[in-house]
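Which chain is which? The protein sequence lines are A and B, in order. Under the working numbering, the letters of the first sequence match residues 26 to 355, in that order. Under the working numbering, the letters of the second sequence match residues 291 to 554, in that order.
For the record, the hints were derived by calculation from the structure and aren't laboratory data. Treat the hints with care, as some may be off.
Estimated spans, in silico, between C-beta atoms of each pair [said to hold, decoys possible]:
hint: 1; chain 1: A; residue 1: P314; chain 2: B; residue 2: P386; range: 44 to 54 Å
hint: 2; chain 1: A; residue 1: L47; chain 2: B; residue 2: L390; range: 17 to 27 Å
hint: 3; chain 1: A; residue 1: V150; chain 2: B; residue 2: F354; range: 16 to 26 Å
hint: 4; chain 1: A; residue 1: P54; chain 2: B; residue 2: E508; range: 25 to 35 Å
To spell it out: a stretch of chain B is covered by chain A in this simulated footprint if at least three of its residues, at any positions, have a beta carbon under 8 Å from a beta carbon of chain A; those stretches are [what the hints assert, rightly or not]:
hint: 5; segment: 412-426
hint: 6; segment: 440-446
hint: 7; segment: 452-462
From the three backbone atoms N, C-alpha and C, an ideal C-beta is built for every residue, glycine too.
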Amino acid sequence: MVLWGAFLFIGCQKDPEVPYQLAVPEWFPDMEIPSDNELTQARIDLGRKLFYEPLLSLDSSISCGSCHLQEKAFTDGLPISIGVEGADGLRNAPTLANIGLAPYFFHDGGVQTLELQSQQPIFSVEEMRFSIAGFLDRIENDAEYKNMFMEAYGRAPDAFGISRAIASFERTLISGNSRFDQYEYQGESDVFSDAEKRGRDLFFSDQTKCSTCHYPPLFTNYEFENVGLYQNYADSGRARISHLSGDNGKFKVPTLRNIELTAPYMHNGSLQSLEAVVDHFNSGGVAHPNQSESVVPLQLTEQQKADLVAFLKTLTDITFITEQDISDPN
Amino acid sequence: MIRLLLLLSIAAIGLTSCNSDGCIDPTALNYDPNAKDDDGSCVYLAENLTFVFHSKLGNADFAFNEEAFTSSGRKIKYTRAQMYLSGFRFNGNGGPYDLLDPHLLVKATEQTYDMGYLPLGDYSSFTFSAGVDSVSNHADPATFAGTSALSSNNPDHMHWGWDPGYIFYVLEGVVDTSAAMNGEANAPFIFHVGTDMHRVDLAFVKAIYASNTGVTVEMEIDWLKLLDGTNMTSDVTTRSTHTANNPPLAALMVENIDEAIGLH
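Please work from the sequences and hints to get the whole structure.
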């Protein structure tokens, strides 16, 4: 009896080194996890604390969560994000939904790993304008942080632990439970209205070619495309990385998941509403030399435009924006 | 790095042999107390390899906020001047020997840098690059040891935060942009230059003897020379580059590097 009780006690202890099982929908691709940053609960917990930690910014006012708000599917509702002391940012804050499945980061794909990306906003003058050394000074006597870093990575707080932990937390930001997922992958055909069904068919049609770039389940093909917003782009986009003139004005194809919540749209937040976005694609863009072949005048009727917008709203995942485990613990 | 490991493994082997010839000098790295006769295999590390970078503004010693004139006659004052150097390698003495920590961040206001160890002996030349080697340049700054100049733990480290990597050269200050070149230096200039193509491999022929009391190598960096060929005016493209946004100005500065860095 005593032995059985002892066995039960051991079985109930939380082992912080047990690998964490990510709940990725089976219709999603597998997520690659780097071998030096396997997921554990301890790493995710530390990453979540750091993601929402304003001490990482110069004046302790801004955390990652300031521009990536859960209720807006981890965007901030602004055309261009604002940094410490009201600093003008450079681009629109992209959503972090399913970010662990992306092969690169930033609108221009300038970073290849989540682990590297997580450090950049800390140093960026337009964002948090601080340094890891400065943050480590601030938490020098913080026993809770020291314990969490030791449990997560077996080391004292440092850049490695910070970047790896934030990346681990970000890998848990999975959004795959929208009405589209229920309709398309779980056979629940009555969750869509007639307008949404028409919009879905239109989205996947040859007439619009929306799904050429925005194909499911992630609603992006991770290519860089120019959608003919301007004749002259102030922000050269992918060309900033590749130095190729053929990349001028190309930006990453964003996911459309939760798009209802992530206005305004485009790399610079210049389009305010889904209706404005549909109008833009319907117009066929300005015929920029690097413009995608799929961006041509669509000749949509008013009904078709409304149906498309209705469909886009089915990509909203309420569980993602209300999930407690990824919310701000402060 | 490989050489140093080789030395250490030779030492390990030396220390475990018995009753044979070996290194009989107790001050050597591979001293073998059981060796009967010296076989000439003794190796030694020099202590304290030191590099001294004398930073200059032309003929004058470098100082922040000190007035100086560029080759085009413009008055400038520096407020920030630092660069990465990497890949230090010494030739001769059975080498080449690569320093264990190959990366250095040189600041114009600091002269003396502890560079670690070099095996004792005579060297004929050494090389290093201005900028960061391409492998390290694409690595994650958080993966370098905290003591490395490239580590993101280091408050001075200079990195763009995305894949172009480290900012190799940071030159900031103010310049007189008046047409008559008789005004105050009060318009900002900023050169943040990097990317693999702007690494400059340098070579220096100099006899160096590394002894067990240490060795010092004296260099010079002329920060004024780096601005040769510029004519900085009110047009911001003549005085501001972050490399990708103004490649010609970045290239212009980099062309001066092999003349700006030299033996003291």
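Taking the hints in turn, this is what the structure says about them:
1. A:P314 - B:P386: 44 to 54 Å: holds, 50 Å
2. A:L47 - B:L390: 17 to 27 Å: violated, 40 Å
3. A:V150 - B:F354: 16 to 26 Å: Taking Cβ atoms as reference, V150 (chain A) and F354 (chain B) lie about 20 Å apart, which means the hint holds.
4. A:P54 - B:E508: 25 to 35 Å: violated, 57 Å
5. 412-426: Our answer is that it is violated, as 0 residues pass the Cβ test (under 8 Å) against chain A, missing three.
6. 440-446: holds (count 5)
7. 452-462: As far as the segment 452-462 of chain B goes, the hint holds, because 3 residues have Cβ atoms under 8 Å from chain A.
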